[in-house]
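As you go down the protein sequences, you meet chains X and G in turn. For the first sequence, the residue numbers in full-length UniProt numbering are 1 to 236. For the second sequence, the residue numbers in full-length UniProt numbering are 1 to 186.
Hints listed in this document are in silico derivations from the structure and should not be mistaken for laboratory results. In this text, a Cβ means the ideal position worked out from N, Cα and C, and glycines have one as well. Errors might be hidden in some of the hints.
Unchecked claim - Which chain G residues stay away from chain X? Per the calculated CB distances, all over 10 Å, these:
1) V5
2) E27
3) G39
4) R43
5) G67
6) H131
7) A148
8) K186
Said to hold, decoys possible - Within a straight-line C-alpha distance of at most 20 Å, the following computed SDA-like cross-link-like pairs (lysine to any residue) qualify:
9) G/K12 with X/D45
10) G/K186 with X/E48
11) G/K186 with X/D45
12) G/K181 with X/R41
13) G/K12 with X/S44
14) G/K12 with X/P173
15) G/K170 with X/E5
16) G/K170 with X/G187
17) G/K170 with X/V164
18) G/K140 with X/V164
19) G/K170 with X/R11
20) G/K186 with X/V164
21) G/K181 with X/E48
22) G/K186 with X/E10
23) G/K162 with X/E22
24) G/K186 with X/E42
25) G/K170 with X/R41
Read off the chains here:
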Amino acid sequence: MTAPELTERERLAAEHALRLLEGEELVMARGLAASDPDFAREVSDWEERLAPLQDELSGVQPGADLWDRIQARLDGGTPVAEVTALRRRVRQWQVASLVSAAAAIALAFLTIPAMQQSPAEPQPEAPLMANIPIGDTSLRLAVTYLPDRSEMLVSASGLTADGVHDHELWLVPPQGELRSLGVVKPGEEVRMPLDPDLASLIHDGSQMVLTREPLGGKPADEVAGPVVAEGAFSLI
Amino acid sequence: MNDAVRQREALKDDIVRLASGDRSALESIYQATSAKLFGICLRILGNRDEAEDALQDVYVSLWRSAGRYDPERASPITWLATFARNRAIDRLRSGKVQRGAVPVDEAAEIEDTAPLADELVETGQRNARIHHCLRELEEKTQDSIRTAFFHGKTYAELAEAKGVPLGTMKSWVRRGLAKLKRCLEK
């Protein structure tokens with residue numbers, strides 16, 4: 001006797017509710033849960049189906065002072081844990097920025113001869129950085145834009161290829177359609193040239209989204225896949 | 001109205017009250033649910049100190065997240081149990097917890113304890129279909145799904161614990177989930 005298979009989405013929702021997933025699949029599930037209300041509903045349906053299992057578990061009294069500790073945290077305004085978490089995020093961001101800035105500097109160093117050939121050029125503008133968290137995972141996509149070279153460095157060293165999907169990075173201009181910035185290569189740091197028209201749209205604060213697509217990126221005649229991450233450029 | 005229903009309604013009202021900014025509601029929610037939610041956190045984290053920290057997070061963040069509870073949709077205790085489970089798993093995976101540093105004795109101990117008869121919150125769901133449907137599965141599948149649910153294990157961790165390849169574990173669990181869904185929809 002065989003059970004009818006779940007669709008890929010149904011299965012992913014159940015796995016996400018059980019918290020079985022890691023890596024690329026987790027990123028995918030979190031992206032869907034954030035961008036697709038039907039999927040989010042399916043996840044909470046599974047959570048509700050499974051929750052009665054907790055009845056098998058007996059209650060255990062926590063320490064007598066725990067309520068006082070909770071109250072103290074609430075009275076103290078911003079909970080300590082939140083501040084700690086925020087600090088940690090800032091620190092991670094700074095570390096990641098340093099790494100990417102270092103990469104940008106290394107790249108600039110390699111291209112010094114090219115720059116020396118055009119001494120009349122105006123001072124290069126400062127590079128812009130975006131550090132895009134993927135879902136709630138610790139994975140990050142680091143994007144560095146070098147205005148003077150109309151080039152981007154995209155580091156996806158935390159991502160792994162699943163063999164059936166690619167991720168495409170999009171610029172969200174203030175008006176009009178999303179503009180593709182290219183397909184991200186999992187596990188690699190790549191340089192992407194930008195045409196000047198596209199480059200002119202990138203400023204401090206420009207938003208980007210990352211979508212999940214078939215291999216090779218979004219087919220021309222289809223709509224873009226689900227958004228799995230987003231972020232914005234800022235000055236280093 | 002029996003006690004269980006009355007308690008459930010009271011808890012529902014408290015969450016709604018908390019969502020509207022009445023912090024005093026949090027204390028009655030705590031009184032009614034802390035033993036149950038602590039049991040959930042303790043099973044996942046396997047050590048009292050970690051579980052107490054997680055439980056603090058649960059109630060502190062509940063203060064901000066109560067508005068997400070939809071009384072039309074879910075039983076309050078189901079929602080709170082899911083909320084606590086997810087918080088504890090986040091903590092487990094955030095790397096704050098030294099894995100294996102503390103033996104899981106405490107967690108193992110509570111596994112064998114019979115539910116307290118005078119548990120403050122009677123969820124009234126002991127007859128829920130999920131119990132029946134889970135028992136219908138093959139033992140290894142049932143066991144894997146239970147371990148994932150109660151201990152917050154990922155596919156990779158389950159596969160390692162059972163000493164089977166990752167792909168094998170995935171196919172056991174996926175088959176189990178498909179059967180579960182079919183059984184639950186009967």
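Quiz item: So which of those numbered hints doesn't the model satisfy?
Solution: Violated: hints 2, 3, 4, 6, 7, 14, 16, 18, 20 and 25.
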